[in-house]
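> Here's the letter readout for the chains.
Number of protein chains: 2
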Amino acid sequence: MQEFVQRMRAGDQRSLARLITVIERGKSDSYSALEAIHPYVGNAYVIGITGPPGAGKSTLVDRLTSQYRAKGLNVGILAVDPTSPFTGGAFLGDRVRMQKHYLDPGVFIRSMATRGSSGGLPRATKGSIRVLDAAGIDIILVETVGVGQTELEIMNAADSVVVVLVPEAGDAIQTLKAGLLEIADVFVVNKSDREGASRLIAELEISLKLGESIPWWLPPIISTQANKGLGIELLENTIQEHRKALEESSRLPEKRQNRNRAEFFKAIEEGIGNLIGNIFDNKGTTATMLERVEDGSLDPYTAAYSLLNDGSVFKEWAAFIEETKQES
Amino acid sequence: MQEFVQRMRAGDQRSLARLITVIERGKSDSYSALEAIHPYVGNAYVIGITGPPGAGKSTLVDRLTSQYRAKGLNVGILAVDPTSPFTGGAFLGDRVRMQKHYLDPGVFIRSMATRGSSGGLPRATKGSIRVLDAAGIDIILVETVGVGQTELEIMNAADSVVVVLVPEAGDAIQTLKAGLLEIADVFVVNKSDREGASRLIAELEISLKLGESIPWWLPPIISTQANKGLGIELLENTIQEHRKALEESSRLPEKRQNRNRAEFFKAIEEGIGNLIGNIFDNKGTTATMLERVEDGSLDPYTAAYSLLNDGSVFKEWAAFIEETKQES
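For the protein sequence lines, the chains are L and G, in the order given. In this text, residue positions in the first sequence follow numbering that gives the first Met the number 0: the first is 0, and each later residue adds one. In this text, residue positions in the second sequence follow numbering that gives the first Met the number 0: the first is 0, and each later residue adds one.
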């Protein structure tokens, strides 16, 4: 693992891709990978780009990438699509658009649509961000397609969140409902030459004012026409301002601390999820309870609730793990 | 809670709706609700309907509902949309289509698009299925919009899974990739008057033959034109055949046993997720570890892995819960 990490640190993109694959699979070697890269993590800035399908997020990511490259920064792009592969067509289109970046060694692009792996897309994405960070990448752009729970969870991993909308009836209110208002640091009204753009901006402004009384940061609303490259520089400057505001108010370390905490707790929760089967198959009062749940005489939720409140399950688990250690 | 359950058992749809809301919120009273309904659970038959957007699932659900109603069976419909509210428009259309069923006291319809609640949509949907079951509903139709991880997890709760496709280039292969082939008990090729229907059927047949060597049940492929009501009776008969095959081979009780087990384990995992914060804030080696994770000196994944492998975390948790019990 150390070998891959050293080669990745020396700029080898194949080692980088390989490490992300290890993380995506989520097997036990993903822990060694995350441990091995840890000393190099903490320098990248993570920008999340989200919004409804068809808002032009990929074009925006493409243009932002050019902007950062012109400044000499290298860029990592994670395109996350929880509903894939049924949107495979869209990604093919993206790939054509992104072609010039594919040839640029300062840009690393990866589409993520894992399913089945433990923890799923949010875990795989958060781990991959760490890998890109450790590879020495300056700016990580995480693009999520869609607006479900998974996307909101992924956006937790970003330092700045850009919510992209297009002028279409009701969009602003829909955004509120989808929980995007709460996570947005910057709003983009893309395709701003379309009818309804000014109404959308007005609606967003009202929604923002209905929020917290005195927010420390009021999300700016940027108009763009990503396909023509209009508004991209302003967007980049605004993200930069948000970054500066985070850093100067010491909110950035706090944000990252909370993120570490959340990832830790989630990893424990999932780890226990993986252990559960072994432990219950083994013995003890928990095994008896499982039988009663399986045959339907006990409600699974009530059973889980009483087990956890009683605390005896933890004692049994401690004993089980102790025993396993002695055997091996 | 008992009062609501009794009123629901007597046919009061408002009490039924209220109980589902309690389950959706996932607060501590959801446990009392699930415990209270448990004696009445186990008689409904659950049919999952899934497939890509635009396949005509809602129309199919509408027609199947009429079919079951004509047989005197009452029907519960759960329409689950993880990407809502951005697809709000589609649901409005569904509501118009389903209007005649809304006036029928033998049909209960609920749209589900929870976010934020612990465990999210899969937990809320599985709990709601239990509520509908306890209300004495015969047939529960669970329709999921989209083809992501969440949808696949929800389909685990169904006794029979119907995968709906429409003739469009590449659909059969996409389905394979999305994991729908593995979960389908019946395939529906809807809008079968469209060009490409026979090719889609041929592709599906090949895909199915490439699967297991001697499957106990080979998923039939049914052609429908749901908007004209064509093929619906055949579909209903085929689902009935699958149900009979499950029952006669004792696979149905086994399936439900596994489901109880999975819900139990998931409930424990999530319960621990809710407890984690309290326990770590308290004391012990775990608290020291948390500090090191938060300040970034320890990788969260490595930390979680070592905690769980060591087993000491379980001992600390048992002690913490013991202490909390004595205090209260």
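It should be emphasised that the hints constitute simulated quantities derived from the structure, not laboratory data. It is possible that some hints are incorrect.
Claimed, not checked - Calculated pairs, DSS-like style, for lysine-lysine (alpha carbon to alpha carbon, straight line, at most 30 Å):
hint, chain 1, residue 1, chain 2, residue 2
1, G, 254, L, 265
2, G, 265, L, 26
3, G, 243, G, 26
4, G, 26, L, 265
5, G, 265, L, 265
6, G, 314, L, 314
7, G, 227, G, 265
> Please name the hints from earlier in the document that this structure breaks, with their numbers sorted from lowest to highest.
3, 7
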